[in-house]
Structure formats: structure tokens, C-alpha cells
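These protein sequences, in sequence, are chains H and R. Read left to right, the first sequence gives residues 8 to 133 (my numbering). Read left to right, the second sequence gives residues 657 to 1027 (my numbering).
Each hint should be verified, as a subset may be incorrect.
Label pairs and their computed distance ranges (CB to CB) [as the list claims (entries may be wrong)]: (1) H:83 x R:859: 15 to 23 Å; (2) R:858 x H:83: 19 to 27 Å; (3) R:812 x H:83: 50 to 58 Å.
To be clear, the hints were calculated from the coordinates, so they are not data collected in a lab. Backbone N, C-alpha and C fix where the C-beta goes; we use that ideal spot for every residue, glycine too.
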Amino acid sequence: MDNERLDPAATRSGRARGLRQVRRWSNGTAAALIAATALTTGYFARAGATSAPAVAAGTAGALGAAGQPGAAAGTRRPCVSVPVATSGGSGVTRQTVIRSCGTGGGGVGSVPVVITTGRSGEGGDN
Amino acid sequence: MPFPVHYVTRAPGWAPVGIGPAGAAVVIGVAAAERAALGTSARVVAWPPEDLGTALAAVDAELARLDLEASRFRHDSELSRVHGSGSHVHRVSRGLAEAIGVALAAARWTGGLVDPTVGGALIALGYDRDFADIAPDLAPDLALARELEPAPGRQPVPGWRSVTLEGTMLRLPAGVRLDLGATAKGLGSDRAAAAAHAACGRAAGGCGGILVSLGGDIAVAGLPPLGGWPVAVADSSGDEAPGQVVRLTAGALATSSVTARQWQRDGRPLHHILDPRTGWPANGPWRTVSVAAASCAEANAAATAAIVAGRDAEAWLATTGLPSRLVTRDGTVRFLGGWPDPGWPDSSGPDPGGTLPSPLCPGPAWGAPAW
Chain H
8 MDNERLDPAA
18 TRSGRARGLR
28 QVRRWSNGTA
38 AALIAATALT
48 TGYFARAGAT
58 SAPAVAAGTA
68 GALGAAGQPG
78 AAAGTRRPCV
88 SVPVATSGGS
98 GVTRQTVIRS
108 CGTGGGGVGS
118 VPVVITTGRS
128 GEGGDN
Chain R
657 MPFPVHYVTR
667 APGWAPVGIG
677 PAGAAVVIGV
687 AAAERAALGT
697 SARVVAWPPE
707 DLGTALAAVD
717 AELARLDLEA
727 SRFRHDSELS
737 RVHGSGSHVH
747 RVSRGLAEAI
757 GVALAAARWT
767 GGLVDPTVGG
777 ALIALGYDRD
787 FADIAPDLAP
797 DLALARELEP
807 APGRQPVPGW
817 RSVTLEGTML
827 RLPAGVRLDL
837 GATAKGLGSD
847 RAAAAAHAAC
857 GRAAGGCGGI
867 LVSLGGDIAV
877 AGLPPLGGWP
887 VAVADSSGDE
897 APGQVVRLTA
907 GALATSSVTA
917 RQWQRDGRPL
927 HHILDPRTGW
937 PANGPWRTVS
947 VAAASCAEAN
957 AAATAAIVAG
967 RDAEAWLATT
977 GLPSRLVTRD
987 GTVRFLGGWP
997 DPGWPDSSGP
1007 DPGGTLPSPL
1017 CPGPAWGAPA
1027 W
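Just chain H, same shape as in the assembly:
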């Protein structure tokens, strides 16, 4: 050991071998970390997509104006371009013209959509 320690050439050679080994470990560790991160990210992304909480107390309602450009790439959520419900107090039957971002050949344009809500109701609102 003492001889090796005192031999500069042997020391340089040993140091170089060690550095190469560390680099290999580092590269391997980095690759493993990258793979693990990717797996974890994918897992949580999937979990988030499939088990998002229901209407949560403490989460305020969120509104956006319609007609905003849709979609984040890579998601499987549908793009809905026409109203799916009407909030207007019970007893309303209306024809609403909305701007469509239709994907089935409709393109952007105005389309009439008949929206029907209940004709009667129970209870006062106060």
C-alpha cells in the first residue's frame, strides 16, 4: 500500500479508474433517477386523472367564459363546445345560439341549441 501510494503513476492510474467508476455509477444513478421520476410522474398523472376529488368543500367554484381555446395536448378529456345544461331558474325553455368549436366538420360558427329545463318545481326558493 505504501509503495502504491508513493508511486505517482500508479496513483494517477488508480485515480483515473476511480473517476471512471464514479462516472459510471453517476450515469447509472442518473438514468435510474430519470426513469423512476418518469414512472412516478406517470403514475400520479394517471391517478390524478382517474380519482380527482368530487365537489370539495373549501374549493371555490370556478368559471370561465365560453369560447376559450380548448385543450391541453395529450389529455383524453372531451372537448364540449355546446351547452350541456342551463341555469336559469326552473321553468325555462329557450333557444340559445352559441359559438361552436365543433370538431366533426362544424368548425366555428353559430348553431342553435334547444335547451329545456323543468316546467314546474317544488318548494319556494325562500
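Use these hints to put chain R onto chain H, whose structure you have.
Chain R only, in chain H's frame:
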């Protein structure tokens, strides 16, 4: 029809609803169905479409439960049994306790602008049965043209402070009749949306998103479609002007209007939103108010409270921070709390103030729930 009908055949009573223009070959990836419920119409929208059957079954269960708990028009409901009992103290089910608790919380939050003890006043005004049996032939928009004439003999309702609820123990003074209309439909939407989302998750190992509308009181659960659930907001005016369309990404949206459920008594036009301070229909400047909130019960209560508050509505709503849309009797529309300006989508740019959240994001604080 943009969705397979067989998705809903396992849910008796529900009719499929076409989303989008009739005949258009647009596949939008959601399915919807509608049926009568709680004296109004219930609509459920789900994605992916194959979740609809499971969602409808869960919604059915929740609506049946709420109807048996809180309807004042069913003789066999728990609330009717409470009203018919000679006792002042009642041990009620957890479900009815929740419904009454929400109503009392709404009363406290609104400073009594909504009050569940209006039941007796509604009965006295003739609203003592399902609305379809009261005045089907009344001319529409009777209350729109002008404010209602002052009515004689007005007096306050008993008041929510006369009711106490400790756990499931309810104390109700003799003669006090509860009407949970200002919060119950919203609570029903909240319950149904959450239950449907949970049921779909159990059945399919995860699900997308659910929207439940009870007479226009809307709650959503899970992930919305890209950009949010498109919802039309109507002011019930009966005109043919296009309604505003907003996108709901979370929480709930509810609308109260004096133009719905009108009837006449002794030649006097009446509507169903009572002012607890007078026991008579609210007589303010607003014909329709829509509010977005974390829960539909909260949105429902806030919208009704604004109608009752009259000229103080804007100040009160401002204290809540909730996005709101108010329509005056002459059709003027006011926006509060960051409600999207209808001109924004077509202006191809963000709102000038830069305060509106992207519809793709939950957004900044839209007003913390007050209860």
C-alpha cells in the same frame, strides 16, 4: 344523437338528451339524460359516456333519499311527519339534519335573507302543493314589468333563530313550517354529483366527470371536459336573445329568478321567492341572479339572498366575493366578483383587468366558502 342510447337503458325513467345541434355528426364524448325529479327536471351529464348508467343509478338514489327526507309536498316525507307531529322536539335522520343544517347555515350566512321558516307564509299564499298543480295557465313574466304592489297585512316569518338543531335533535316551535327550497335543490345537486362520481369510480376504477342539474342548480364533480362544462345562463325573460354561456370547471352554479313559478292570488301576481321580513314575494329590482360558488347549496342560497336583498344585493354579494350575474327587471345585466364578461370570448384576448382565470385552471380565489 351524439351518444349511444344503450348507455341509459338500464336507468328507468331517464330519457337520453342530445347534446348539440340535431343531426350534427359531432362526437363530443359526453352523454346526458334527463327526468322529472323533485318537482322539477334533473339532468345528468357524464364523461366518458359509458359511465352514464352508473351515474344515473347513483343520482336516482340520492334524489329519492332527499325527496323522502325534505319534501313538504309528500305526506310520507320525514319533514311532513315532523310538521304533523304534536311534539316540538324531534330526533331526525342524519340526512334531514344535514338538509336543515345547511338551511340554517345559509340563513346565518345571509343575515336572514334566506330563511327556512317561510314554509307557513308560502302555504298562506297558496303555494301548498306541487307547483304544477297551482297555476299552469298563468301568463308568463307577470312579475317582470313592474315591481309588485305592496301587499296588506305583511308580517315577518317566525325566523330561523327560532329553530335549533343539535346533531340530529331538532327543536321546532309549534306552528312553524320549514321550506328548504332555498338550499335543498342545491344540496341535492351537490350530493348527487359527488355520489355519481364516487359510484363511477368504484365501478370503473376511476371516472372522468359528472354534471348534475336540478332545475338549473348545477354541481359538477371530477374532471371537467377540456375548458370546463359549458353552461348556458338564462334570465328567464322569455325573450329570444342568446343566453350567455360560461364554463364551469369546479364547484357549482345556481340561478334564482322571480320569473319562474309565478301564480295569482286574489288577482295579485305572486312568485316563489319570499322576503322573510314581510312574508311576501321579494319586491326588489332584480328578476334573475346567478351565482357560482364552491357548492351548489351555497350558490343557491346566495342567488336567492340577492333577489331578496333588493337594492342591497350588490353590496352583499361583494362581501362574499362570489362570481355573480344580476339581471334587472328592465334587462340590464350586471357582473360581480369576476363573472366572465360575455364580450371576452369573442374579443380574442384576456379580460382587460387581467383578473379572470383561465378556464383551463381552477383559478384564483373565487370567494372562500362562508360556511
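Legend entry - Hints violated by the structure (numbers, ascending): Per hint list: zero violations.
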